[in-house]
Amino acid sequence: MEIFIVLGVPLTGSFVLALLGHRHWAPEVNALFSFGTLVAAAFLTGRVISEGPFSAGKEQFFVDPFNVFLVTLTAFVAFTTSLFSRPYMRIEAHHGRITARRLQLYHSAYQLFTFTMLLTLLTNNVGILWVAMEGATLSTVLLVSLYRTPASLEAAWKYFILCSVGLAQALFGTILLYFAAERVLGPGGNALLWTELFSVRSQLEPTVLSLAFVFLLVGYGTKVGLVPLHNWLPDAHAEGPTPVSAVLSGLLLNVALYAVVRFKVLVDGAVGTGLSGNLMMTFGIVSVVVAAFFLSRQRDIKRMFAYSSIEHMGIITFAFGMGGPVAAFAGLLHMTVHSLTKSAIFFTVGHAAQATGTQDMDKIRGLVQQSPAIGWGLALGSLAILGMPPFGIFTSEFMVLTTAMHEHWWATPFLLVALGVAFAAIFGKVQLMVFGETTAQHLPHPPSLAPVFVHIAIVLVLGLYIPPYLADWYRQAAALIG
Amino acid sequence: MNLLTGIAFQILQSVFVVLIAPLLMGWVNICRAWLQNRSAPSILLPYYTLAKLFHKDAVIASCASPLFRLTPYILFGCMWLVAGIVPVLVTGLPFAPAADIIALVAVFSLARMFSALAALDIGTSFGGLGARREMLIGFLAEPAMLMTLFTAAFISGSTSLNTIVGSLAHRTFAIYPSLLFAGVAFLMVLLAENGRIPVDNPATHLELTMIHEAMILEYSARHLALIEWAQAIKLFVYMIIGFAMFVPWGISEVGDWAGLLFAFATLVIKLSIAGIVLALIETFFAKFRLFIAPEFLSTAFLLAVLGMLTHFLTQT
Amino acid sequence: MFVPEFTLTGSLAVVLGWLAVGLLGLLRPQSVIFKQLLFALGALGGFVLSFLSFLALSGPAESLVLPLGLPDLPFHMRLDALSAFFLLLLGMVSAGISIFSISYFCGEEPRRFAFICLHYHFFLASMALVLLADDAYLFMVAWETMALTSYFLVTLDHKLAPIRSAGFIYLLIAHLGAIAILLSFGVLHGGHGDYTFDALRNAELSAFWTTVAFLLAFFGFGAKAGMLPLHVWLPEAHPAAPSPVSALMSGIMLKTAIYGMIRLIFDLIGDVRWEWGMVVLAIGTVTTLFGVLYALMQHDLKRLLAYHSVENIGIILLGLGMSMVFLGFGYPEAGALGLIAALYHTLNHAVFKSLLFLGAGSILHSTGLRNLNDMGGLIHSMPKTAFYFLIGALAISALPPLNGFVSEWLTFQTALQAPILGNGVVRSLVPLTAAALALAGALTAMCFVKVYGVAFLGQQRKPRHESQDTFHGGDAEHYERIGMAFLTACCFVLGLFPSAILLMLNRVAVLLNGAGLAPAALKSGWLWLVPTAPAQASYSPVIFLLVIVVVVLLTFILVRHFYHGRVRVSHPWGCGFPERTTRMQDTADAFGQPIRHVFGPVYLMTRHLPVPGEPSPRYSVKIEDRHWYWLYRPIAQLTEYVSAKVGLLQQGRVSVYLLYSFVALIALLVFVQ
Amino acid sequence: MNASFSGQLVNLLAALLLLIDFAMLSQRRVLNLIKLFAWQGAVLAASTVTVAYSTGQGHLYYSAVLTILLKVFFIPWVLFRLINQLNVRWDVETLINIPATMLVGIGLVIFAFALTTPISQMAHTITRSTLGIALASVLLAFLMMIVRRKAVPQVIGFLAMENGLLFAATSATYGMPLVVELGIALDVLVGTFIFGIFFFHLREAFDSLDIHHMEKLKQD
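Protein chains in written order, with numbering that gives the first Met the number 0: chain A, 0 to 481; chain B, 0 to 315; chain C, 0 to 672; chain D, 0 to 219.
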């Protein structure tokens with residue numbers, strides 16, 4: 000039941016806002032719907048914690064610790080982002096960058112996007128999962144091009160083409176999977192249910208599944224933003240409105256990675272961990288290293304943090320690729336802290352860009368002077384994302400690195416070089432933006448920076464103390480996928 | 000031995016050294032005069048000079064700080080301390096262990112630092128010039144000195160002069176090549192540290208060359224006297240240290256009165272010879288240009304280090 | 000004690016107290032009293048901490064596990080002799096600095112004060128946590144927090160570009176070091192057990208892996224300690240920070256790096272190899288000489304002090320290195336001596352370097368000057384500060400009877416143990432480091448003659464102009480003086496009663512090496528400092544001081560008694576020059592000139608000499624650090640190059656992007672088949 | 000009609016599909032491209048119907064109807080409208096010349112066959128041999144998207160890829176479950192709409208649909 004509420008709220012929200020999205024109180028309604036989703040998700044989580052995994056709707060939907068934790072995270076970040084987008088969008092309108100019509104589109108699509116992501120997470124049917132993922136692409140592509148500037152159109156076009164093509168591969172992979180499953184489960188809907196597949200995963204045909212995994216990895220990996228499939232990501236992040244960048248980085252990438260991991264579990268059952276693990280680790284390392292070196296040459300602030308997202312996705316992919324309870328735990332933790340931190344950073348970045356009227360990092364200076372909250376938010380967020388203790392990202396990186404050191408020690412030099420380079424690049428730029436003589440103007444609407452500091456606070460706490468129930472939760476999830 | 004005689008010896012020796020030191024100066028001057036065919040002054044001339052200086056009124060610059068007036072006493076005090084510690088006539092003095100060779104060198108550099116500070120205190124260009132040059136000499140001379148001492152220390156397995164003298168004096172005679180190097184180095188250091196030709200010339204006030212004199216240019220009367228006296232003691236002590244390392248024979252034990260006489264006799268002989276040697280050097284060498292001095296001293300430093308190395312190499 | 004784990008919980012309480020004080024600062028206090036109270040509380044914490052750790056030094060090791068941290072790796076804490084010693088250092092020195100800060104920071108406007116207070120006390124707390132940590136995770140967290148808070152303090156005046164870049168370099172190098180340390184932990188861990196220090200201690204590793212772990216730890220902590228060639232951040236960051244913070248960083252933070260080194264190498268890795276010792280010795284020697292030679296070239300007081308920190312870290316490394324060599328060859332007593340010398344110098348440097356930085360701070364407060372060439376004659380305007388600074392200068396110049404001398408003396412004594420070594424080469428190499436140390440000591444003396452002579456002595460070089468009216472120009476303020484007086488007293492105590500300290504340190508040595516000093520050394524009594532045996536070497540600062548004082552007084556009295564104390568005051572003698580201006584005095588640069596001449600090749604020097612007949616002759620010299628050019632710039636360029644190449648991937652055509660994924664797909668398919 | 004016959008029929012249709020793919024790859028004119036796409040849809044529908052008939056998989060009829068409505072009538076019609084309104088009825092330039100593209104295409108076909116033979120051995124459907132062709136047409140469509148320089152052909156390439164996928168679904172597994180089919184169809188529909196909107200926006204922004212205008216966002 001909770002499942003349908005969780006899915007229903009944003010869906011109705013998108014319809015409602017499709018009609019009323021242009022009203023001046025639409026942002027509040029938007030936040031309201033997101034809040035409803037969050038509450039529903041909270042209930043869902045509570046039920047899973049109390050009763051354990053369960054499924055609904057004729058097996059079509061199901062929840063286990065793995066996806067429910069992502070559901071909560073998604074709902075939470077979606078909610079805080081909607082809070083942030085209230086003043087942000089008003090300021091954009093005030094600057095005349097978007098019209099009421101576009102706001103209508105924006106709000107409706109925002110809810111739709113939330114819906115698709117939640118659907119991706121909650122569905123038990125890998126076919127529906129594909130459909131929902133494609134839906135997520137479709138619902139964001141118009142958000143990316145919201146400003147209708149040539150650059151934003153170009154970004155959206157690339158996003159659209161690359162992701163659709165990628166997902167086409169994923170579909171082919173899904174078909175192969177179905178093809179393999181059908182021979183065990185017989186034709187019909189069951190052969191696409193993840194739970195069913197999971198139960199018979201050891202009997203599935205290895206050759207087919209390894210082939211299928213390649214297509215699935217390339218397909219969903221495109222949305223995860225793994226190098227070399229990542230090229231849509233910086234553009235889309237840089238050109239879309241900042242709330243969209245926040246949810247893209249904070250949520251969509253996670254959800255796509257969730258899909259990959261789900262399939263990895265099946266493939267491991269059939270083929271053994273060797274193949275999928277190695278593929279993911281390779282993709283992970285390559286992404287981390289390449290993204291790190293990209294960082295130092297960026298001039299656009301949102302682009303830079305987009306690359307940082309690629310880097311962190313690489314780390315998570317690597318962690319899941321390594322497998323094992325600790326690594327999986329670290330991967331999940333890193334998913335959490337990364338999406339919290341990165342969305343927080345994008346919140347501050349958005350306001351910083353508005354305050355200085357540019358996304359060019361050479362023109363953004365002295366944020367702490369004009370608006371300390373934005374400045375310190377950005378500084379702390381960046382330090383957190385760079386893996387500075389006592390922030391939570393360090394925790395997960397600590398686990399990943401230490402695990403890697405004695406399981407795949409060849410990987411550690413790459414990771415460390417990448418981390419060093421990334422630190423020099425991001426920190427060197429952020430410091431200049433935060434400190435010095437200011438170039439920032441006063442904002443017409445008071446920014447809502449509560450979300451920023453809530454996120455950072457959570458990340459800080461996670462760095463020092465992981466509550467036992469959360470830890471158990473992660474452990475169960477890790478046990479599922481490790 | 001009982002402590003009282005020890006302390007008595009201690010005090011006696013220090014007073015003895017303090018009183019005798021200017022005499023050595025006088026002796027060196029006489030020798031030099033002889034070698035240069037001048038009619039020699041009285042050997043007591045240094046004493047007369049000191050007495051004259053003490054009687055005068057001290058003239059002090061208006062902008063002098065307390066440090067300026069304190070320094071002469073500190074210099075004198077440091078030298079007196081050293082005089083009390085080095086084994087002049089006897090070994091095994093009760094307070095001798097209070098400072099080993101490293102500490103001795105440190106005392107010298109303490110004195111040097113204070114004199115340099117005092118020189119800078121007035122703020123005349125001469126003071127600065129002198130201080131700078133003095134420290135330049137010092138930072139090379141001090142390590143060289145340490146290294147020579149270390150050579151001896153390695154041979155006798157100790158850094159306390161007592162033990163060094165003891166072990167060197169009562170050993171069967173053997174040639175230590177390391178000691179040879181050390182000896183040469185020590186001689187060079189001695190010349191430099193005491194402001195003798197060829198490094199410095201105590202007899203001139205020529206701003207191009209003077210080092211020590213430039214530092215004490217502002218001093219007069221009793222302050223100057225104390226400084227000059229401290230200089231004399233310093234030369235004396237250096238010679239004693241040299242004897243202790245290279246010609247330690249004849250030194251006596253605490254409480255051994257007969258040995259004391261013998262020790263006194265040998266000391267006089269050593270000192271007079273040393274004075275002649277010093278005079279000879281000062282006559283036969285010309286004063287270096289200032290920037291030869293670092294090379295001179297770094298040679299000393301290298302020699303000392305070489306000495307130390309040869310000790311190890313010859314030992315293995 | 001009446002509470003189990005009394006001292007440990009107590010220290011923890013102090014840490015929490017510091018955190019609380021830091022947070023209290025966020026109230027943005029307006030009233031001076033409140034501001035002063037906060038730092039007074041900080042100082043109190045320091046005293047309490049030093050008292051507790053003093054108890055802990057003699058007590059057994061205590062440990063504690065907090066329900067924080069990773070789910071399967073909660074925070075472990077342990078207070079053994081080593082941590083206790085460093086905590087003692089932290090508590091004592093920080094107390095002095097905090098007292099000083101009571102006056103120093105009470106003038107700040109509320110917002111800035113809040114910022115300073117917060118990070119200052121968090122900085123202290125994190126350092127204490129570093130010393131208490133007993134598992135890799137807590138250690139890393141505290142370590143990086145330390146770096147972070149100090150970074151914020153360094154970039155306090157972030158509107159100045161050089162300060163920003165200084166902060167950047169500082170945090171970057173600190174972070175790289177931290178990564179190396181983390182890696183070293185990982186290597187030590189060896190694949191089983193968890194990351195508590197106990198587990199790391201017990202993990203067996205092959206010689207190769209221990210060496211790797213050693214090198215990583217040495218690099219990582221060396222980066223923090225400022226050893227060559229990772230020192231470059233130090234002369235940039237220390238001057239940038241407010242003086243008490245510079246004092247904290249130079250006096251204490253660098254020492255936490257030494258602590259880490261000792262903890263990892265002597266304790267966790269355990270069996271020390273003499274080859275490692277030689278590495279440490281080599282780097283230590285270079286660091287020592289480099290530090291002092293560059294210090295001699297500085298005219299910015301705080302930069303100069305920072306370079307001296309580099310030098311002193313080198314000296315500490317010498318002690319450690321020798322200790323490792325002796326241990327490696329199986330001479331625990333000599334090894335203990337080296338370790339003790341190093342630890343002693345750590346403590347001493349903490350005290351006198353903080354004292355000197357505080358002095359520099361007072362000068363800055365009073366005159367607003369940092370450039371030595373603008374100072375002069377300060378002894379007249381701020382006599383008390385002048386006295387404290389003099390003591391500090393004598394101490395750092397390793398002159399008896401102050402503390403600096405004792406530790407250098409011990410280091411020399413360690414070097415003099417060389418003959419017992421079996422290996423002929425090593426045996427002759429070790430004393431060479433002693434030679435370097437001697438040279439460095441003499442150069443330090445020269446450098447501080449320069450500093451003191453130029454800054455405090457002589458006459459004021461520039462008349463005070465109106466821009467300086469914001470500065471009171473008088474002597475240091477009340478609490479500033481108390482703080483400095485406290486540290487001065489520490490200099491004397493540490494210098495005069497070394498044998499007591501020796502006993503304390505011996506416990507640490509026993510803890511780490513299982514063996515302490517020779518028994519003869521330990522029962523020499525409070526008056527005599529005897530490292531090995533009375534016949535070999537001994538030193539008694541008390542007698543030393545007494546004799547000098549007595550003799551000086553005696554001379555004074557005698558002179559007065561037999562002669563007179565008459566004084567005529569007149570103008571200084573100008574050597575016949577018509578008039579003397581204060582510009583005729585030696586500047587700092589002039590004083591360093593002979594060194595520039597002698598050690599020319601060491602420096603990267605760009606000099607402009609006036610040509611004869613120039614209308615307005617001007618002389619300028621610029622000394623740069625060679626490391627920028629042979630090490631750091633190439634690395635930066637390499638990174639730039641690689642990222643430029645990588646940047647080509649992202650070249651804008653959707654077709655090419657499609658091609659990437661196409662090729663990736665095909666490649667993977669081939670791979671799978 | 001018996002299984003073997005319908006199997007041969009499906010194989011024939013598959014061959015047609017591949018042929019059309021190559022034709023599209025070599026096609027220089029947009030209009031013909033769209034026509035070919037419609038034909039491909041028709042072939043796809045035909046094969047679906049054949050499979051449905053011969054195997055009695057009821058839901059495949061729905062999917063066939065969907066295909067006809069969408070791929071044969073609706074989408075081609077939309078595309079026609081678009082290129083008329085935007086009058087972009089120019090010749091299609093390719094990045095690399097046609098013969099080279101063809102060669103690569105042939106290579107791809109061989110690769111696809113090599114890849115799928117071991118799998119199709121284990122399939123029990125009457126249409127197993129066509130899995131290779133399905134993969135081949137997917138890859139060929141991919142290739143087409145890579146080499147085309149205009150927006151419209153790229154989109155057509157994408158839709159062709161969709162066809163390939165559907166064909167794979169029908170041939171290898173008698174079609175996905177209906178709900179999935181519907182979902183996919185819905186996505187394709189929405190996708191086409193969005194493409195349509197895009198064409199207008201691009202047109203406003205760059206007054207052409209030549210995608211080499213869209214190479215501004217890159218690493219400078």
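In short, the hints are calculated from the structure, not lab data. It is possible that some hints are incorrect.
[Said to hold, decoys possible] Distance windows between CB atoms, simulated:
{"id": "1", "chain 1": "C", "residue 1": "Arg617", "chain 2": "B", "residue 2": "Glu206", "range": "19 to 29 Å"}
{"id": "2", "chain 1": "C", "residue 1": "Leu15", "chain 2": "A", "residue 2": "Leu18", "range": "36 to 46 Å"}
{"id": "3", "chain 1": "C", "residue 1": "Val566", "chain 2": "B", "residue 2": "Gln35", "range": "36 to 46 Å"}
{"id": "4", "chain 1": "B", "residue 1": "Ala202", "chain 2": "C", "residue 2": "Arg606", "range": "17 to 27 Å"}
{"id": "5", "chain 1": "A", "residue 1": "Ala99", "chain 2": "D", "residue 2": "Glu203", "range": "42 to 52 Å"}
{"id": "6", "chain 1": "B", "residue 1": "Gln35", "chain 2": "C", "residue 2": "Pro600", "range": "50 to 60 Å"}
{"id": "7", "chain 1": "C", "residue 1": "Gly106", "chain 2": "A", "residue 2": "Phe34", "range": "19 to 29 Å"}
{"id": "8", "chain 1": "C", "residue 1": "Ala160", "chain 2": "D", "residue 2": "Phe199", "range": "41 to 51 Å"}
[As the list claims (entries may be wrong)] Pulled a few chain B residues facing chain C out of the computed Cβ check, cut under 10 Å:
{"id": "9", "residue": "Ile19"}
{"id": "10", "residue": "Leu80"}
{"id": "11", "residue": "Ala97"}
{"id": "12", "residue": "Arg111"}
{"id": "13", "residue": "Ala117"}
{"id": "14", "residue": "Leu145"}
{"id": "15", "residue": "Thr162"}
{"id": "16", "residue": "Phe290"}
{"id": "17", "residue": "Phe295"}
{"id": "18", "residue": "Thr298"}
From the three backbone atoms N, C-alpha and C, an ideal C-beta is built for every residue, glycine too.
Evaluation of the provided hints:
For the pair C:Arg617 and B:Glu206, the beta carbons lie near 24 Å from each other, so the given range of 19 to 29 Å is met. Checked against the hint of 36 to 46 Å, the pair C:Leu15 and A:Leu18 fails, with Cβ atoms roughly 56 Å apart. Between C:Val566 and B:Gln35 the beta carbons are some 38 Å apart, a value that agrees with the proposed interval 36 to 46 Å. Evaluation of the 17 to 27 Å hint for B:Ala202 and C:Arg606 yields a failure: the beta carbon distance comes to about 36 Å.
At about 19 Å, the beta-carbon gap between A:Ala99 and D:Glu203 misses the expected band of 42 to 52 Å. Here the CB-CB span from B:Gln35 to C:Pro600 is close to 41 Å, at odds with the stated 50 to 60 Å. Taking 19 to 29 Å as the suggested C-beta distance range, the pair C:Gly106 and A:Phe34 does not conform, at roughly 48 Å. About 49 Å separates the C-beta atoms of C:Ala160 and D:Phe199, a value consistent with the hinted range of 41 to 51 Å.
Nearest Cβ of chain C to the Cβ of B:Ile19: about 17 Å, over the 10 Å cut. The hint is violated. The closest approach between the C-beta of B:Leu80 and any C-beta of chain C is roughly 5 Å, which is under the 10 Å cut-off, so the hint is satisfied. The beta carbon of B:Ala97 is positioned within 10 Å of a beta carbon in chain C (closest approach about 4 Å), and the interface hint is therefore held. Checking B:Arg111 against chain C by beta carbon gives a least distance of about 7 Å; that is within 10 Å, so the hint holds.
Proximity of B:Ala117 to chain C holds as hinted, the smallest CB-CB distance being about 8 Å (cut-off 10 Å). Interface restraint check: B:Leu145 against chain C, minimum CB-CB distance 4 Å, threshold 10 Å, status holds. Given hint, B:Thr162 at the interface with chain C, holds; its Cβ is 5 Å from that chain's nearest Cβ, closer than 10 Å. For B:Phe290, the shortest C-beta to C-beta distance to chain C is roughly 7 Å, which falls under 10 Å, so the interface hint holds.
Of the supplied interface hints, the one on B:Phe295 is violated, with its beta-carbon coming no nearer than about 12 Å to a beta-carbon of chain C, more than 10 Å. Hint on B:Thr298 is violated. Least Cβ distance to chain C is approximately 13 Å, over the 10 Å limit.
Checked against the numbered hints above, the structure violates hints 2, 4, 5, 6, 7, 9, 17 and 18; every other hint is satisfied.
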